[in-house]
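**Student:** These protein sequences, in sequence, are chains P and X. The first sequence: position 201 = 201 (the numbering used here), numbered continuously. The second sequence: position 383 = 383 (the numbering used here), numbered continuously.
Treat the hints as calculated values from the structure; they're not laboratory data. Worth double-checking, as some hints may not be accurate.
Stated by the list, open to error - With a straight-line Cα cutoff of 16 Å, these simulated EDC-like cross-link-like pairs (lysine to aspartate or glutamate) come out:
hint, chain 1, residue 1, chain 2, residue 2
1, X, K49, X, D243
2, X, K42, P, D279
3, P, K280, X, D162
4, X, K42, X, D366
5, X, K515, X, D323
6, P, K280, P, D120
7, X, K49, X, D358
8, P, K280, X, E40
9, X, K42, X, D358
10, P, K280, X, D358
11, X, K190, X, D210
12, X, K190, X, D162
The primary structure of each chain is shown beneath.
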Amino acid sequence: MSVLRSLIKDGGPIAFIIRGTHGGIGPWYGILNPSTPAWMTLGASLVLSLIGVVAIDTASGDGSGLGFLAFRQVLYVGVGVSAAAVAVVPHHRLIGRLALPAMIACVALLVFLLVPFVPDSLVTPRKGARAWIDLGVADFQPAELTKIAFVVVVAMYLRYSRAHRRFVGLVIPGLIAAVPAALITLQPDLGTASLFAPSLFAMLVAAGARLRHLSIIVIAAAAVLPASYLVMKPHQQARIRGLVEQIQGNDENADSINYQSFVAQRLVAAGGVWGTGEDKSRAIVAYNHLPEAHNDMVFAVITLRWGLIGGVVTVAAVGAWIAGALLTAAVSRDPFGRLVVVGLSGFIAAQTVINIGMTIGLLPIIGITLPFVSYGGSSMLASWLMTGLVVNVGIRRAEPPFRDSFEYGGGDD
Amino acid sequence: MFHARLAILLVATVGGLVLLAAQATRLTTLRHAEAFAVAESKLVRTTWKNATRGRILDRRGRVLAHDRPGYAVAVDYDLITGAWSEAQAGRAARTLHRDDWPELSTVQRAELVDRYRPRFDEHLAACWRTIARVTGEPIDEIDRRRERTVERVSGRYAHIVDVRLRIEIERRLRLGQEITEELETQLAEKAGRPIREQTDAHVLVPAVSDATGFELRRRLAERVAVVKGTRPVPVLPGVSVPDLGRREYPMSSVEVAVDRGSLPAPIRSDEPWSATVRGVGSHLLGWTRATLYREDIERRAASLETDATLAEAVAAVGSREVDRGRYVSGDRIGNAGLEASLEDTLRGWRGVEIERLDSGDRSLIDETPGRDVRLTLDAELQARVHALLDPRFGLTRVQPWHDNQTLPVGTELHAAAVVLDVSTGEILAMVSTPTFVVDDAGGPEPLPAARLDDPIARPLVNRAVEAPYPPGSIVKAFMLPAAVRHGLVDINHRQECTGHLLPNKPLSYRCWIYKRFGYRHQPEDYRDEGLSVDEAIKGSCNIFFYDLGRRLGPELMPGVYDAIGVGRPWNLPLANTFPGTIGRPGTDGRLEPNEAIFLGMGQGPVAWTPLHAATAFATLARGGVRVEPRLLLDAPRAEPVELAWPSAPIERSLHGLWRVVNDRDGTAASIATERGREPIFNTPGVAVWGKTGTAAAPPLVEDGRVLREGDHSWFVALVGPGHGESAQPTHAIAVITEYGGSGGRVSGPIANQIVRSLVATGLLTPAPPLAADRSTALAP
């Protein structure tokens, strides 16, 4: 008993982990804030994970009990939830201290993936991309964890900084994003790489960077974007052309470069408002041969089975996650926590918009998962860790001394 | 400020999500129905089964064309071209040198491939030898067919790539795009994608026995390693032995025995002539092919759009969307003749097995064989007439008594004949020689060994309906009825044969008898008023009909020819038929006065076919009632058309036709051979009316070289059972012999033999002999 008591007493190790400091006023559990809006993210994560498991079963199972992939997805959800629970415990201040080493480790892993003589048994190329490390029981995708490390590092950098208020001050955050994004692009995994910019922008916006600076960057990028078409690989160019053709209503490539997109949109549309129900949706998914139905294209399966209602519920759940996270940031008074939450929201929002956008024909096809929903362990783990971090921030009241963060007064942006 | 920034982020995110929801709403509402239908259609697997093609029968139900099962040997195109060896050698090189392969330069790789290539070439050569040995085809023949296939496919490929590129460039130009060099290269690359024939298998040996088929099928599974350490390849790579079925034409090649006792004396014999005639009816029947072209699918779709009867039939057995008559690769498709024009009737309805993939439910609709088609032809008569036109028989070979001015004795003549039933217009026989046989591969092979494009023989042309000929004197029979109808003359009109029409121009508008012998036609009673119409027809006086032509003039003459069918398209299931023309090109049928004069005796700017001639004479025999000729026994009949010709001049013209044959001095009464004079027509109990035509024809010229020149020889006859003029004509016969010369001497004896064939086949029953046999009365 006394051992236990010594563990949980103020100033003890548990208090230190929870509180992130040896000092503090009052009992350590006094900082806990059980009525945080962060619970919204948890609820949304659970709803999305549930939708994902059933949709994956629809796309790959045979209707008799939970299918193999859906069963594995349940395990992944379990792993994700456990990881999230662990991530809630230590004060984010402690996590922040780990950020730089974690980021360095992640970058090292990303470099490792690209080393040419690493045997295929360890880094198995899938669909031409060297993105996975074979861990025996499961494959692990370092890029997913890099996203979190990246957010934490940038948050650490920006929390007390004023440098980003100047244009040149944006260079360092930009470089922090550019390194992992470049490495991931080389895998090649353009989809994941493209998420870093929105996340960084979200954090910069929240951290008070001048909007005109950010606008200049956005406008410059938009101006340069068409030129990037010239340096793209042929298959990437084909996807862009495919999207343009689709928007023009030209369906002559519906069997070739636009096949995946056409089938995905067909299945989304086939669901109608109310969906086609379990048996029919299983059959339609199976015989329409939608590539990546359980994975990148899972949103098509959701609307096919539950119709527009299911689609809207899914989108709304993501909205709830982001709203919960942003509210958490709003309520929190800790600058580091705020930025972490905003940066994670940036990833979730960008990933959702791009994934669903490509499924319903608004964006070119690019390999990217729908967070919490798509099949895959690394993606699930990363998503749930994000939820864990948001809860981590939300559940703690900031302790005095308070210091206003990112309040630069009106009119100067 | 921080909270304002969060609000910005929230608004941006919500904006993005709302956009997603909006697009999802658009898809699930506006595009739902169409997308759901497409998505559901994928749950259904449809397997089509072939239907047997309908038969083509003659008027008595004898089979002219039918399907039967049969194996063929087909080979993938990359083996035929040898590209297979290259690919295999490449694969072998990569397998055997897989460790160093990534480091090798392009040149080194090519060297390795070249090292293995000869072994695969040798394997392929062995494959051809095996096919040759098992099928019994000479290896040279196999090689020749491979070359021909490559030639055909590469020619077609070049053409299609060209067309694709043109269409795409035109499309882009229409869209207002600029065609840069770069874009053109891009488009050319896209247009260069392989055509179906380059990925399909091609039939190398079209028909093999069942035993050979089984033997080859057994060997298909055998494999051998060509290069040690590589995967074994089939002994017969890319070879398949499909059951393509075969289209057979059982009456195409038949044994015919023809009596020679009634032939002109020089070739007369007591022994019947018996021979195998080949290619019987092939002009009419056509042929099929087993290669599917995009045009077939498009034609079917177009027919469904335009042909309400077909669309109804399709809907009755399936649905508009599921056309059970649809084409799939490997189909046998009518390519020419009736096989092509009756395609939609003959092809029948496919069986279809529809499997619901989700529930496993199957439904099966059995195939329905294509409908049989009965022709008006009499196969036996067709074969006999075919034999009569066979040069070996003697009538279509220049004979001394022909007095041919341009061709040496013994030259083969090309001819056509049509036999019509007068009362119904049914075509009993339609023969054109030379012809072709449909070979085992399903294509036409010329007969005898002429070329298909031989400019003189033109074996693919059905001369009876496709080739334009000047009508010549045979139209003289129609001029009096036309002139009387228009009130220009009465039936007792007489005209003196002055030798030449215009008194002061002795070298133009001459009578043939004046031109040839310096004579003039004399009326029998030497009256001064000149010849009556029957005398003019009997002697084929040109002056009489020049005069009628002049009276009818350029205004009325087109109507005369229109009445006898010139310029009216045939309602026959035959492609390329010639409807006949009048007037020089570019004049819209308007005539000059001098042309009208010539047209009075069938020369000048006019052309028609033997079918026109037979149909026009049948019209005369019916007293001026036109009946469309028919080839399909069960097709609906067109209403007969009564021409406004008065009956009296028709009878006078018929009387003239009677005298042509039956008067001692008629132009078709007799021929003089080295053995003496003999009547042309000699079938007891059969009355014959007829008209000769020795039609001046344009020379046949190719590359400035005159291949044939002279006159075409016409004979048109009306025949019926009976002994005298009171008999009724029951059959019309038209015969033309190209550049044969005299109508009476050359085509007359052929017409006589056709009459005998009508009797021999039971289509014409001669009247019983009178007390005193009249047939000898005509003998000299």
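**Student:** All hints, please: hold or fail.
**Tutor:** Going down the list of hints, with the structure as the test:
Note on K49 of chain X and D243 of chain X: the hinted pairing holds, with a Cα-Cα distance of about 13 Å set against a maximum of 16 Å. Between the alpha carbons of K42 of chain X and D279 of chain P the distance comes to roughly 15 Å, so the proposed pair stays at or under 16 Å and holds. This hinted pair does not check out: K280 of chain P and D162 of chain X have alpha carbons roughly 46 Å apart, beyond 16 Å. This hinted pair does not check out: K42 of chain X and D366 of chain X have alpha carbons roughly 22 Å apart, beyond 16 Å.
Between K515 of chain X and D323 of chain X, the direct Cα distance comes to roughly 66 Å. Violation of the 16 Å bound is thereby established for this hinted pair. With a CA separation close to 40 Å, the supplied pair K280 of chain P and D120 of chain P exceeds the 16 Å bound. Between K49 of chain X and D358 of chain X, the direct Cα distance comes to roughly 22 Å. Violation of the 16 Å bound is thereby established for this hinted pair. Restraint check for K280 of chain P and E40 of chain X: the C-alpha separation of about 9 Å stays at or below 16 Å, so the hint holds.
For the suggested pair K42 of chain X and D358 of chain X, the alpha carbons sit about 10 Å apart, so the restraint of at most 16 Å is met. Note on K280 of chain P and D358 of chain X: the hinted pairing holds, with a Cα-Cα distance of about 8 Å set against a maximum of 16 Å. Of the pairs offered as hints, the one joining K190 of chain X and D210 of chain X is violated, with about 43 Å between alpha carbons and a cut-off of 16 Å exceeded. As the CA atoms of K190 of chain X and D162 of chain X are separated by approximately 11 Å, the hinted pair is consistent with the 16 Å bound.
Taken one by one, the earlier hints fail for this structure at numbers 3, 4, 5, 6, 7, 11, listed in ascending order.
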